[in-house]
Amino acid sequence: AEIQLDLGAQVTGIITAENISDDPSIKLTQLYKKGDTIEARIWRLSDIDGIAELSKKTVDHAKEWQSIVDACDNNTILDGKVIEVLNNGVNVLVGATKIFVPAYHSGVPKDGDLNSIKGTDVSLRVIEIKNNRAKGSIRSVSAERAKEARKIAQENFWNTIEEGKIYTGKVKNMTAYFQLY
Numbered sequence: 005a006e007i008q009l010d011l012g013a014q015v016t017g018i019i020t021a022e023n024i025s026d027d028p029s030i031k032l033t034q035l036y037k038k039g040d041t042i043e044a045r046i047w048r049l050s051d052i053d054g055i056a057e058l059s060k061k062t063v064d065h066a067k068e069w070q071s072i073v074d075a076c077d078n079n080t081i082l083d084g085k086v087i088e089v090l091n092n093g094v095n096v097l098v099g100a101t102k103i104f105v106p107a108y109h110s111g112v113p114k115d116g117d118l119n120s121i122k123g124t125d126v127s128l129r130v131i132e133i134k135n136n137r138a139k140g141s142i143r144s145v146s147a148e149r150a151k152e153a154r155k156i157a158q159e160n161f162w163n164t165i166e167e168g169k170i171y172t173g174k175v176k177n178m179t180a181y182f183q184l185y
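Just so it is clear: in the sequence shown, position 103 is 107 by the numbering used here, and no numbers are missing.
Simulated from the structure, these hints should not be mistaken for laboratory data. Ideal Cβ placement from N, Cα and C applies to all residues, glycine included. Heads up, a few of these hints could be off.
[To be verified] What follows is a set of in silico ranges between Cβ atoms, one per label pair, in the way DEER data are often shown:
id : residue 1 : residue 2 : range
1  : Glu88     : Glu166    : 22 to 28 Å
2  : Tyr108    : Asp83     : 33 to 39 Å
3  : Asn79     : Lys122    : 46 to 52 Å
4  : Asp83     : Gly168    : 44 to 50 Å
5  : Ser120    : Trp69     : 26 to 32 Å
6  : Val15     : Asp83     : 20 to 26 Å
7  : Leu35     : Asp83     : 26 to 32 Å
8  : Pro106    : Asp27     : 19 to 25 Å
9  : Met178    : Ala157    : 39 to 45 Å
10 : Met178    : Ser120    : 19 to 25 Å
11 : Ile18     : Pro106    : 35 to 41 Å
12 : Gly39     : Pro106    : 42 to 48 Å
13 : Tyr36     : Lys114    : 40 to 46 Å
14 : Ser29     : Glu68     : 18 to 24 Å
[As the list claims (entries may be wrong)] For lysine to any residue, the following SDA-like pairs were computed, each having C-alpha atoms within a straight-line distance of at most 25 Å:
id : residue 1 : residue 2
15 : Lys134    : Lys151
16 : Lys122    : Arg48
17 : Lys60     : Leu35
18 : Lys67     : Arg48
19 : Lys151    : Lys176
20 : Lys102    : Ile55
21 : Lys155    : Asn136
22 : Lys61     : Gly111
23 : Lys61     : Ile133
24 : Lys102    : Ile81
25 : Lys38     : Gly17
26 : Lys122    : Asn23
27 : Lys155    : Lys174
28 : Lys67     : Asn23
29 : Lys61     : Ile18
30 : Lys37     : Ala5
31 : Lys60     : Gly99
Input sequences plus hints: build the corresponding full structure.
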């Protein structure tokens, strides 16, 4: 699948789906319609045919990279989609940028199947940037949100507890107590 653009001066621009996004499930017909304007970079030009091969992905990536760096510096949570399962982790697409999440930061148990999160929307934190590549953690965000939910539930409990009211609970553990005389 591809999009053809009129670049003027009798030059046709072609953008393939692979040069629009790393998400293999995208449908060009749902994203664009005739008459839309697209910002893209020429990466190959054929003067003979009057065709320019374009990449929207490189333009989007360049625009978004600084926000990824800022997110790492500021410990900001980003949202993305798991698009690819690798041997040692997954790639999450945040905008037009892929962020690698190692298996041990994915939130999937050690012997679990990483394919179980493929195609899902996730929140992650960028934990490292090295050689123009970003590494993230889904697990830290999940743990943080679970901790926050427990804190809110505890606050709600202590704010609504009443003396004399009957509560139901489960036995958590049993301990033998004895008294010394």
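Going through the hints against the structure:
1. Glu88 to Glu166: 22 to 28 Å: 52 Å, violated
2. Tyr108 to Asp83: 33 to 39 Å: Violated - the Cβ-Cβ distance for Tyr108 and Asp83, about 21 Å, lies outside 33 to 39 Å.
3. Asn79 to Lys122: 46 to 52 Å: 26 Å, violated
4. Asp83 to Gly168: 44 to 50 Å: 46 Å, holds
5. Ser120 to Trp69: 26 to 32 Å: For Ser120 and Trp69 the Cβ distance comes to about 29 Å; the hint holds.
6. Val15 to Asp83: 20 to 26 Å: 37 Å, violated
7. Leu35 to Asp83: 26 to 32 Å: 18 Å, violated
8. Pro106 to Asp27: 19 to 25 Å: For Pro106 and Asp27 the Cβ distance comes to about 21 Å; the hint holds.
9. Met178 to Ala157: 39 to 45 Å: Because 24 Å falls outside the window, the suggested range is violated.
10. Met178 to Ser120: 19 to 25 Å: 36 Å, violated
11. Ile18 to Pro106: 35 to 41 Å: 36 Å, holds
12. Gly39 to Pro106: 42 to 48 Å: At 43 Å between Cβs, range holds.
13. Tyr36 to Lys114: 40 to 46 Å: The hint (40 to 46 Å, Cβ to Cβ) holds, given that Tyr36 and Lys114 are roughly 42 Å apart.
14. Ser29 to Glu68: 18 to 24 Å: 19 Å, holds
15. Lys134 to Lys151: 30 Å, violated
16. Lys122 to Arg48: 33 Å, violated
17. Lys60 to Leu35: The given pair, whose Cα atoms are some 13 Å apart, holds under the 25 Å limit.
18. Lys67 to Arg48: Holds - the C-alpha atoms of Arg48 and Lys67 are around 21 Å apart, at most 25 Å.
19. Lys151 to Lys176: Holds: Lys151 and Lys176 sit about 19 Å apart, inside 25 Å.
20. Lys102 to Ile55: Roughly 28 Å between the alpha carbons, so the hint for Lys102 and Ile55 is violated.
21. Lys155 to Asn136: 37 Å, violated
22. Lys61 to Gly111: 28 Å, violated
23. Lys61 to Ile133: Distance ~20 Å between Lys61 and Ile133 Cα, so the pair holds.
24. Lys102 to Ile81: With a Cα-Cα distance of about 15 Å, the restraint between Lys102 and Ile81 holds, given a limit of 25 Å.
25. Lys38 to Gly17: Distance ~14 Å between Lys38 and Gly17 Cα, so the pair holds.
26. Lys122 to Asn23: 21 Å, holds
27. Lys155 to Lys174: Holds, at roughly 19 Å.
28. Lys67 to Asn23: Answer holds: Lys67 to Asn23 is near 15 Å, not above 25 Å.
29. Lys61 to Ile18: 13 Å, holds
30. Lys37 to Ala5: At roughly 14 Å apart (the allowed maximum being 25 Å), Ala5 and Lys37 satisfy the hint.
31. Lys60 to Gly99: With Cα atoms ~12 Å apart, Lys60 and Gly99 stay inside 25 Å; holds.
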